[in-house]
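Peer 1: Line order of the protein sequences matches chains P and H. Just so you know, my numbering puts 65 at position 65 of the first sequence, and the rest follows in order with no gaps. Just so you know, my numbering puts 386 at position 386 of the second sequence, and the rest follows in order with no gaps.
Hints are computed from structural coordinates only; laboratory data are not their basis. Every residue gets a Cβ at the ideal spot worked out from N, C-alpha and C, and that includes glycine. A hint or two may mislead.
The following label-pair restraints were derived from C-beta to C-beta distances [said to hold, decoys possible]: (1) P:LEU121 / H:VAL359: 57 to 63 angstroms; (2) H:GLU413 / P:LEU121: 41 to 47 angstroms; (3) P:LEU121 / H:MET354: 46 to 52 angstroms; (4) P:PRO114 / H:ALA114: 39 to 45 angstroms; (5) P:ASP131 / H:ALA364: 58 to 64 angstroms; (6) P:ASP131 / H:ARG451: 57 to 63 angstroms; (7) H:GLN236 / P:ASP126: 54 to 60 angstroms; (8) P:ILE123 / H:GLY445: 49 to 55 angstroms; (9) P:ILE123 / H:ASP343: 38 to 44 angstroms; (10) H:PRO154 / P:ASP126: 16 to 22 angstroms; (11) P:PRO101 / H:GLN236: 52 to 58 angstroms; (12) P:ILE123 / H:GLY193: 50 to 56 angstroms; (13) H:ASP377 / P:ASP131: 44 to 50 angstroms.
Only part of the chain H face toward chain P is listed, based on derived beta-carbon distances under 8 angstroms [what the hints assert, rightly or not]: (14) ILE49; (15) CYS50; (16) ALA54; (17) GLU55; (18) SER56; (19) ALA57; (20) LEU61; (21) SER65; (22) ILE67; (23) ALA69; (24) MET137.
Single-letter residue listing:
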Amino acid sequence: MSDDPVGQVPASADEEPRNGLEALTDEVLPALIARLRASRLGELEVRSGDWRIRLRRDVNAHHSRAVGGTTGAGGQTGTGAAELLGSVARSPAVGYFTPSPDLALGASVQAGDPLGSIDVLGIAQDVTAPDNGIVSRVLAEDGQAVEYGQALADIDPLEADLETDAADAAVAG
Amino acid sequence: MVSRVLIANRGEIAIRILRACRGMGLEAVVAHSEADAGSRAVRMADESICIGPAESARSYLSAASVISAALVSGCDAIHPGYGFLSEDDGFAEMTRAHDLTFIGPSAEVLERFASKAGTRELLAAQGLPVVPGSHGMLRDDAHALEEAERVGYPLLIKPSAGGGGKGMRLARTPRELQQALTVCRSEARAAFGDDSLYLEKWLEQTRHVEVQVLIDNYGNGVHIGERDCSVQRRHQKIIEEAPSPAIGDATRVQLAESAVKAAVAAGYQNVGTLEFLVDREGQHYFIEINARIQVEHPVSEMLSGIDIVAEQIRLASGEELGYGQDAVRLRGHAIEFRINAEDVRADFQPQAGMVEHYVPPGGAGIRMETHLYSGYDVPPYYDSLLGKLIVWGPDREAAVARSRVALQELVVEGIETNIPFHRAILEDESFLSGGFDTNLLDRKGAAAFLRAVTTEDQA
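Using the sequences and the hints given, assemble the complete structure.
Peer 2: So this is what it looks like as structure tokens:
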């Protein structure tokens, strides 16, 4: 179970909505860019009605978070950047993963919030957010076979990180 | 034939099954707990899948997790190994309900042989002698004395509702019996809410001898001879060997042939072991069937050249046995030493921790079945078996001589093991003469062996 596609977030440019967006870009976009810069997020998506904006930063330029950071079969041994920066929502069982509708990049979650479920012989076991924060990566797709302890989503602690990130940015800038 | 097997076990047996699968050209996926993520079985496997946390109840003993793992990893069969879910008829039934092959007897067979008392009745009906005892439950003291006369002293008084030796009492005379009955009744009532008692003949100085059988789903069966498992410590087997040094060739053949015949007639299928007690006169009494691959199966493999795990997979797939008893040739003598992580000086307390250095023995007739490697961290959650050293020689004397050499070569450093204990047993007169019984170590006291161990260490 080691070769699951990790960190694959469906995001092709041709899906980007355009209609009705221009009116909001002046105020929304700058705010979002600031938000992305101040956080450690690699990607940010905002939805409203039938449009959405997704921003992605060049991850190599700033954080060296290991993309595909789950290691080996277990995935539970993933150390390094991801562990230090935030927390990881893991599979509570071996089975098939179904994400909850709310599990999306940039979504704000509270500890204990359901992020999806694992189907174990027809019985659903909840996947929950380990901490408060922002979903920074979704690591498994709908219907994917996952093992116990497999990383399913990275959660970044946004509030706590804002200050240090701002400081980093100031130094870097 | 199955094509992709989920191995739902750990340690040395997971590797044993993995090798059998590879030898047969089958794919294998090793299911493991979080604590075993770095195990040798996982490292050796092409694929592995984590099924739960260290705690067995939520991993190796979780039927739903094991079956779910088999389904999501695309397996069509599950090998349960020994222990854990291996003899659980409910699990076998669940496995079948998900269109997976359970590598072992079918759920019906497991259920039929699940109760010890029921199994004894089934096999006694097929002509196997069982330990003599009272007919049914004791009505009153007079009935008890009458039955006791018929069975003969010494006797064990056993509560019907008990198990695992709980609530048993020994009576050597009618007087002791009468005294014990009153106590036993009140104890059984208090402990089990049921004061029914029965009598069983107490067999002293018995040996534990078991017969390995292979039986297909069509009534064809062979035995692979017997194994003698009389070297025990507190009812735990430590050394197993074949042939048994305690029985003559006539008894040997009669025991094995009657065992496989009765097992076939009683409807047993797949790989199994029939356990017997053998007394000093060579009388044998059937005790129970182990409906799984056993820890000590390599002893019979060394004599016969048959890969018992491969045969188990083949038979569970519904294939015919395909050969008769005359195709099974047993040669020489084999001894197995269970290498446990335990401190022999601290009452054999199980040990956990880092194996700093591991060097296996080698040479003619030497086989090591283990999951050890230098740098392996023995987790504290599971049983203490680190591996098995199996030694073959043309006869018992040669096998013992090779065993001494192999046990000197074998190095396991960083953690306490019972290797020195094995070396000491190999110098014991009772063991060397073959005239020991299952109480040898407990009666002599581990102390006698410990002295030998200490002397050896100082030398």
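Peer 1: List in ascending order the numbers of the hints, as given earlier, that are violated by the structure.
Peer 2: 1, 3, 7, 10, 12, 13, 16, 17, 18, 19, 20 and 24
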